[in-house]
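Heads up: the protein sequence lines correspond to chains A and B, in order. Take 42 as the starting number for the first sequence in this note's numbering and just add one per residue. Take 496 as the starting number for the second sequence in this note's numbering and just add one per residue.
Mixed in with the good hints there might be a few duds.
Unchecked claim - A few chain B positions that, by computed beta-carbon distances, are all more than 10 angstroms from chain A: (1) His567; (2) Gly746; (3) Leu823; (4) Thr844; (5) Ala875; (6) Ser913; (7) Tyr969; (8) Asn1045; (9) Ala1054; (10) Ala1165.
Stated by the list, open to error - Residues on chain A that point at chain B, a partial pick, calculated with CB under 10 angstroms: (11) Leu45; (12) Leu57; (13) Asn65; (14) Arg89; (15) Phe109; (16) Asn112; (17) Leu122; (18) Gly130; (19) Leu154; (20) Ser156; (21) Ile166.
These aren't lab readings, by the way, just hints derived from the structure by calculation. Given the structure is predicted, the values throughout are model-derived calculations rather than measurements. All residues carry an ideal CB built from backbone N, CA and C; glycine is no exception.
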Amino acid sequence: MLPLYYIRWHYTQGVLDLLNIVGNFLWFFNELFSIRMSVRTFFVPFHRLSDDARPHGALDIGNLLERFLVNVLMRLVGALLHLTLIVLGIIFLAATALAGVLFLVIWLAAPLLLSVAAASGVALIVLS
Amino acid sequence: MTYSELATVVRRTYGPVIALRRVAPYAVREKWRMAALGISILLLLAAASSFAIEKAEYSTIPILSTVGAYAHVLFGLFLISFCCAFVLSAIEAFHRSYYFKGLEQVLSEPVLTGVHAVAWEVAVIVADTPAQDATLGFLRSEYGQEILFRAGVAVKAYADFLKNRQVPLPATQLVLESTGTVTLETYMGALLAHDNEFAQFLARENIVAQQAIDAAAWVDRIEHRERLGARWWSRDNLGRIPGLGKTWGYGETYYLERHGHDLTDDPAWYASAIGAREEKDEVEDMEKVLARARQSNVVLVARDQQEARLAVTRLYRSIRQGACLPQLEARRIFLIDLVGMFSATGNKTSCEQELIRLMNQAVSAGNIMLYFESFSTAVAGAQGLGVDLMDILRPYLESADIQVVITTEPENYHRILSRDMRIMQLFDKVELHDVDQHALIRILEQRAVDTESRTGVVMSIPALYAVARLADRYFPGGVMPDKALDLLEELVPFAQAHNKEQLVQGDVEQLVQAKTHVPIGEPTHEERQKLLSLEDFLHRRVVGQDAAINAVARALRRARAGITNEGKPLGTFLFLGPTGVGKTETAKALAEAMFGNEDVMSRLDMSEFQGDAALEMLIGSQQTGEPGRLATLLREHQYGVLLLDEFEKSDRSVHDLFLQILDEGQFSDATGRRVNARNVLIIATSNAGADTIWKWEQQGKDLSQLKRTLIDHLVKQGLYRPEFLNRFDDIVMFQPLSQEQVHKIAQIHLTNLAQRLQQERNITLTITDELIARVAEKGYDPQFGGRPLVHAIQEEVEQIVADEILKGSLHAGDTITYHDRAVETPVSDGS
Chain A
42 MLPLYYIRWH
52 YTQGVLDLLN
62 IVGNFLWFFN
72 ELFSIRMSVR
82 TFFVPFHRLS
92 DDARPHGALD
102 IGNLLERFLV
112 NVLMRLVGAL
122 LHLTLIVLGI
132 IFLAATALAG
142 VLFLVIWLAA
152 PLLLSVAAAS
162 GVALIVLS
Chain B
496 MTYSELATVV
506 RRTYGPVIAL
516 RRVAPYAVRE
526 KWRMAALGIS
536 ILLLLAAASS
546 FAIEKAEYST
556 IPILSTVGAY
566 AHVLFGLFLI
576 SFCCAFVLSA
586 IEAFHRSYYF
596 KGLEQVLSEP
606 VLTGVHAVAW
616 EVAVIVADTP
626 AQDATLGFLR
636 SEYGQEILFR
646 AGVAVKAYAD
656 FLKNRQVPLP
666 ATQLVLESTG
676 TVTLETYMGA
686 LLAHDNEFAQ
696 FLARENIVAQ
706 QAIDAAAWVD
716 RIEHRERLGA
726 RWWSRDNLGR
736 IPGLGKTWGY
746 GETYYLERHG
756 HDLTDDPAWY
766 ASAIGAREEK
776 DEVEDMEKVL
786 ARARQSNVVL
796 VARDQQEARL
806 AVTRLYRSIR
816 QGACLPQLEA
826 RRIFLIDLVG
836 MFSATGNKTS
846 CEQELIRLMN
856 QAVSAGNIML
866 YFESFSTAVA
876 GAQGLGVDLM
886 DILRPYLESA
896 DIQVVITTEP
906 ENYHRILSRD
916 MRIMQLFDKV
926 ELHDVDQHAL
936 IRILEQRAVD
946 TESRTGVVMS
956 IPALYAVARL
966 ADRYFPGGVM
976 PDKALDLLEE
986 LVPFAQAHNK
996 EQLVQGDVEQ
1006 LVQAKTHVPI
1016 GEPTHEERQK
1026 LLSLEDFLHR
1036 RVVGQDAAIN
1046 AVARALRRAR
1056 AGITNEGKPL
1066 GTFLFLGPTG
1076 VGKTETAKAL
1086 AEAMFGNEDV
1096 MSRLDMSEFQ
1106 GDAALEMLIG
1116 SQQTGEPGRL
1126 ATLLREHQYG
1136 VLLLDEFEKS
1146 DRSVHDLFLQ
1156 ILDEGQFSDA
1166 TGRRVNARNV
1176 LIIATSNAGA
1186 DTIWKWEQQG
1196 KDLSQLKRTL
1206 IDHLVKQGLY
1216 RPEFLNRFDD
1226 IVMFQPLSQE
1236 QVHKIAQIHL
1246 TNLAQRLQQE
1256 RNITLTITDE
1266 LIARVAEKGY
1276 DPQFGGRPLV
1286 HAIQEEVEQI
1296 VADEILKGSL
1306 HAGDTITYHD
1316 RAVETPVSDG
1326 S
């Protein structure tokens, strides 16, 4: 009975468990690289650093330009860092998904693969 | 659920892995799996090296060429061992898939949904239980044995029980009462309900049913925690790793860091992980308020500020774990030291500027929650500089940009904060309650497991019960669960010093007794003897008064046997009778009998507490801030005897106060703080009715029959109210002293004097009958009892001895004898 129990589990709950583990890692890398938050705050200045000091009195074009430049620069720094995170995150997610698919295939074909591997092992020992 | 239904569910839910367990138990499988994995890795390395050697054409070196020739064999062996390792690992995955069934997680996972009808531990027990005896199966199983171990039952004890078992419990007779999952707790409850012999065995081991059930629940939780940890790939475990770039989108916090710190840098951060409460009511309440769109501020009212900080830290933990409401996601909680900030700035203008700068930065950062401790102190500190703190904070508190949590003690909340309408409008109140007994035991269990892994000292459930009960009873100063956790920590060095591996109830009692000097737990043989002959012990100091001594001794034995109400003082007595008949001496003797030392007696002359100010003098004044004498006395002397002299002379309001103290063993002082009187023996003395007693004595009446009449007489006179008198454990009537008793007292006093003279001056005083008669005659006054005796001894003996010493006629080594109203100093070695 035990081998039958096992085989039934291998192709039902076992597959679900495997998919769950892959899903957990996908969730984890998504959280680790804060992809959702990075997209949402893509153009927010890095650490909200900005030049808000308004000059007193008459309109000062130089100051206005300076503030504009500083603010644009900070947003660009923020965007660059966020982009790095997003790209890294996507790489990890893709690698996890790929590894998941690969392992799923191995899992499903395990009886066959293991038989082949064991037979090859015996053959290698016997023939050499 | 009947046992057969349970067995069916177990078969249906866990059948495959139960079968696996029978073929190969976990320990065996794990050993094989590890071996297969290890061999595979070694063979892979060996095969790879051989191939490398073969490829590198080292055939000229004979040994290497031989190694190269085996490359294919090694690879073949690797393939076989790898297949074994894979199969064994897959079998383990098969086992774990069932083992993790029904595991509850904070962050849900689709595969774990659904609650299972039977927990894994129960399934294991049921699988191995023989049909003829359910209890036998339980006690043989690893989980059953762990439960008994946690309950503090020695292995030998239950082995003996099994050996001498009379009435087995057929498994089919077991019925389980469970609406949810059948856990070890449920199973233990069913066994105790159905197996009387087993329940009696535990009772003989001093374990009550509830403790045994709690031990089972504890093992349930330990196993659950172990399973949560073993699933390292769960979202809960992976989610603990902090994310990258979470704070990039939020502003700088350098001002906040100047005047405070992020709560993750606080010692409470680690403490909150260890002592996390199971029930999250207050944290959830806070979360709900803080997640609101506007006016999301909380005033946390807590008796202990450290406990409040722990609660806020627990909230922060759930935010960081992503287990909170979405509105609070990515929030950082900063603890700001307002009082320190005010003292650093020094004047109104810079203080206001610094505060505004700080608040502006908190707003611009965009993800800040501010936490101010002891807010009422900060308000007062700001007032000292002329700053209206609430006026400055108000616009920020009203906005949606920031959340603020303030804490305060209950008395300060009522006295200061609740009177400020702005605070009432802008803050929602959350009260932090002391944890209840059940929750406290669970916290202690959790800490005990941590202590166990750290130090190797194992706690038993009865020990944890004792910790919870005794910490509350004998350390009234602190708050729960801190003081219980402190006591638990103190038990570790105690256990190590006494070479104990597992702590039981008696050990906790022993430690608390050593710390407080209050006798606790089972009396020792010596103490038992002393208690049984308490009357004799008291009579060594008190002459006569048999009825009074018997009454007091009986009450004391009741208290020591542990059958008195724990919510009351250790004992309460009203001593009635004339002056100088031994009331105070009995109180002192009681202090010595109970605490081993008469110095533990504190005394208040109640005649000082008259008039309108009487109550204020005792409990303190809110206006002047003066502490009360009774409150101070009880805080400084938490354990001992409290003697209240001439109680009838105190004001009626004082009687009302003591009505409460005698009833509840505690009262609130002027500031609202509770004062504990549960660890003192309260003795009120009163001369009221002395005339009546004296008159009865003169008439030759049997006074022991007249106690009720005397009490009625006192009530009629309006000296005491009946409800007040009823609160005492006993009202003890002292009788006037007879001539013979005065002689005895004189003898005791003279013996004491003789001992003193011998020790201090090496002078021997011969106590003759004549001397005793003389002192008794001069020192006896029907109105003042034996009190003038002391004066008589001073005049008749001490004075004469002093004069002789000064004259130089009495030296060390001399013997003096009283004769014919004069002291004779015969020639001796020293003269």
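These are the hints, each one checked on the structure:
1. In this structure histidine 567 of chain B is not separated from chain A by more than 10 angstroms, as the shortest Cβ-Cβ distance comes to only about 4 angstroms.
2. With a minimum CB-CB distance of about 4 angstroms to chain A, glycine 746 of chain B fails to clear the 10 angstroms threshold, and the non-interface call is violated.
3. Separation of leucine 823 of chain B from chain A is adequate, the least Cβ-Cβ distance of about 14 angstroms exceeding the 10 angstroms criterion.
4. At the 10 angstroms boundary, the C-beta of threonine 844 of chain B stays outside the reach of chain A, the nearest C-beta of that chain being 21 angstroms off.
5. Every beta carbon of chain A lies more than 10 angstroms from that of alanine 875 of chain B, the smallest distance being close to 35 angstroms; the non-interface claim holds.
6. The non-interface label for serine 913 of chain B is consistent with chain A: the shortest C-beta to C-beta separation is roughly 37 angstroms, beyond 10 angstroms.
7. With a least CB separation of 48 angstroms from chain A, tyrosine 969 of chain B remains clear of the 10 angstroms interface cut-off, as annotated.
8. No beta-carbon of chain A comes within 10 angstroms of the beta-carbon of asparagine 1045 of chain B; the shortest separation is about 74 angstroms.
9. Here alanine 1054 of chain B stays apart from chain A, with its beta-carbon at least about 59 angstroms from theirs, past the 10 angstroms limit.
10. In this structure alanine 1165 of chain B is separated from chain A by more than 10 angstroms, as the shortest Cβ-Cβ distance comes to about 50 angstroms.
11. With its C-beta approaching chain B no nearer than about 9 angstroms, leucine 45 of chain A sits inside the 10 angstroms limit, and its interface hint holds.
12. Proximity of leucine 57 of chain A to chain B holds as hinted, the smallest CB-CB distance being about 6 angstroms (cut-off 10 angstroms).
13. Because the beta carbon of asparagine 65 of chain A sits about 5 angstroms from the nearest beta carbon in chain B, less than 10 angstroms, this interface hint is met.
14. At its closest, the beta carbon of arginine 89 of chain A sits 4 angstroms from a beta carbon of chain B; the interface hint therefore holds under the 10 angstroms criterion.
15. The interface hint given for phenylalanine 109 of chain A is violated, since its Cβ lies 19 angstroms from the closest Cβ of chain B, which is over the 10 angstroms cut-off.
16. With a cut of 10 angstroms, the hint placing asparagine 112 of chain A at the interface with chain B is violated, because the nearest CB-to-CB distance is about 14 angstroms.
17. Using the Cβ-Cβ criterion of 10 angstroms, the hint placing leucine 122 of chain A at the interface with chain B is satisfied: the shortest such distance is roughly 6 angstroms.
18. Checking glycine 130 of chain A against chain B: minimum C-beta separation of about 9 angstroms stays under 10 angstroms; hint holds.
19. Because the smallest distance between the Cβ of leucine 154 of chain A and any Cβ of chain B comes to about 9 angstroms, under 10 angstroms, the interface hint for this residue holds.
20. With its C-beta approaching chain B no nearer than about 8 angstroms, serine 156 of chain A sits inside the 10 angstroms limit, and its interface hint holds.
21. Checking isoleucine 166 of chain A against chain B by beta carbon gives a least distance of about 4 angstroms; that is within 10 angstroms, so the hint holds.
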